[in-house]
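Chain residues, written in single-letter form:
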Amino acid sequence: MSDGQTKQFGKGQRLVPAQKALKWYPVDDESQPKKVRKTIRPAKVRETLQPGTILILLAGRFRGKRVVLLKHLDQGVLLVTGPFKINGVPLRRVNARYVIATSKRIDIAGVDAKTIEKVSTPDYFTKEKKANKKSEEAFFKQGEKPEKKVVASARAADQKAVDQSILSIVKKEEFLSSYLATTFSLRNGDKPHEMKW
Amino acid sequence: MADIDVKLASWKLVEVGRLVLIRRGPYAGKLAAVVEIVDHRRVLVDGPSSEEQKIVPRHVLPLAHATLTHFVIPQLPRAAGTGPVKKLWAKNEIDGKWAKSGFAQKTDRVERRKNLTDFERFKVLRLRKQARYEVQKSYAKVKAAAAKS
Numbered sequence: 212m213s214d215g216q217t218k219q220f221g222k223g224q225r226l227v228p229a230q231k232a233l234k235w236y237p238v239d240d241e242s243q244p245k246k247v248r249k250t251i252r253p254a255k256v257r258e259t260l261q262p263g264t265i266l267i268l269l270a271g272r273f274r275g276k277r278v279v280l281l282k283h284l285d286q287g288v289l290l291v292t293g294p295f296k297i298n299g300v301p302l303r304r305v306n307a308r309y310v311i312a313t314s315k316r317i318d319i320a321g322v323d324a325k326t327i328e329k330v331s332t333p334d335y336f337t338k339e340k341k342a343n344k345k346s347e348e349a350f351f352k353q354g355e356k357p358e359k360k361v362v363a364s365a366r367a368a369d370q371k372a373v374d375q376s377i378l379s380i381v382k383k384e385e386f387l388s389s390y391l392a393t394t395f396s397l398r399n400g401d402k403p404h405e406m407k408w
Numbered sequence: 016m017a018d019i020d021v022k023l024a025s026w027k028l029v030e031v032g033r034l035v036l037i038r039r040g041p042y043a044g045k046l047a048a049v050v051e052i053v054d055h056r057r058v059l060v061d062g063p064s065s066e067e068q069k070i071v072p073r074h075v076l077p078l079a080h081a082t083l084t085h086f087v088i089p090q091l092p093r094a095a096g097t098g099p100v101k102k103l104w105a106k107n108e109i110d111g112k113w114a115k116s117g118f119a120q121k122t123d124r125v126e127r128r129k130n131l132t133d134f135e136r137f138k139v140l141r142l143r144k145q146a147r148y149e150v151q152k153s154y155a156k157v158k159a160a161a162a163k164s
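Residue numbers (my numbering), protein chains in the order written: chain B, 212 to 408; chain P, 16 to 164.
Incorrect hints may have been included.
In silico DSS-like cross-links for lysine-lysine, where the CA-CA straight-line distance does not exceed 30 angstroms [unchecked claim]:
1) K407/B to K144/P
2) K329/B to K296/B
3) K402/B to K138/P
4) K144/P to K129/P
Read the hints as simulated data drawn from the structure, not as lab findings.
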């Protein structure tokens, strides 16, 4: 108890502690925080989801489309491509849970690895900030045509680079191109839990 | 007075040597021969097929679980053992005859269609469409030719 200061009180002096002791003892025991026994484990991917597999998307804007699986990103996210020219699905991230893996697989060894590396970085898909923010006046102005969305040319180039070799493989097999172009849907009497994919 | 031709009805009879298709139980879908009639609702059957997965062991089968087929092993001795039944089965080419029958072909096709993958299903769809188009084209040609003459 050295911290504090000695003060003079009349004739004697006394050490006044910097921090006063509590007047009472706490009634309750101090609660111990619960130890967390969970750990973050890497998402386990299904065995059927090998790169090159043709998937059926089940959710989102492109639901029902058949696409080609390119790569696993972390936490159960898949990188897929249409190819864009065949079914309009661009390079895109999808949740592995909302996907059916078919048994059809194509060889994607020839796909440009550098571009895929670039695309699979976490901030590739983040939205670009708008350069010219619309003012309030522009919002209220009537009759003006809204600006058309411009696809970044870098994105389009990446898409082309990735799809190039896939397209040449797809072309080789009969019906494969039109297979990718058609969307999947259930018809009367179809039992998806009994079907083979 | 007109002559009346009386013909024997060609019913499928429960008889020794009659081949039955088993519809229920562990041997459902397999073929067996009636070896002995136990009573009016049960028969002793035996199906010593040459193919491993089509063999039906000798057992008593309720007739309610069986469908009679057109095929009969002629002159099968009553209560013949598995050995002689197998011999006659092979001699009468039961497996081959059955595989050629309409029923077997239909069930085979259903089974195959059931096990198609997604891409194969798509190909079936397309090929059927192509075949249909050809048929309709030639039909239209015939129809047009008939209308002219």
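Hint by hint, here is what the structure shows:
For the proposed pair K407/B and K144/P, the alpha carbon gap of about 22 angstroms is at most 30 angstroms, so the pair holds. Between K329/B and K296/B, the direct Cα distance comes to roughly 21 angstroms. Compliance with the 30 angstroms bound is thereby established for this hinted pair. Of the supplied pair hints, the one linking K402/B and K138/P holds, its CA atoms being roughly 19 angstroms apart against a limit of 30 angstroms. Of the supplied pair hints, the one linking K144/P and K129/P holds, its CA atoms being roughly 19 angstroms apart against a limit of 30 angstroms.
Violated hints for the displayed structure: none, as all numbered hints are satisfied.
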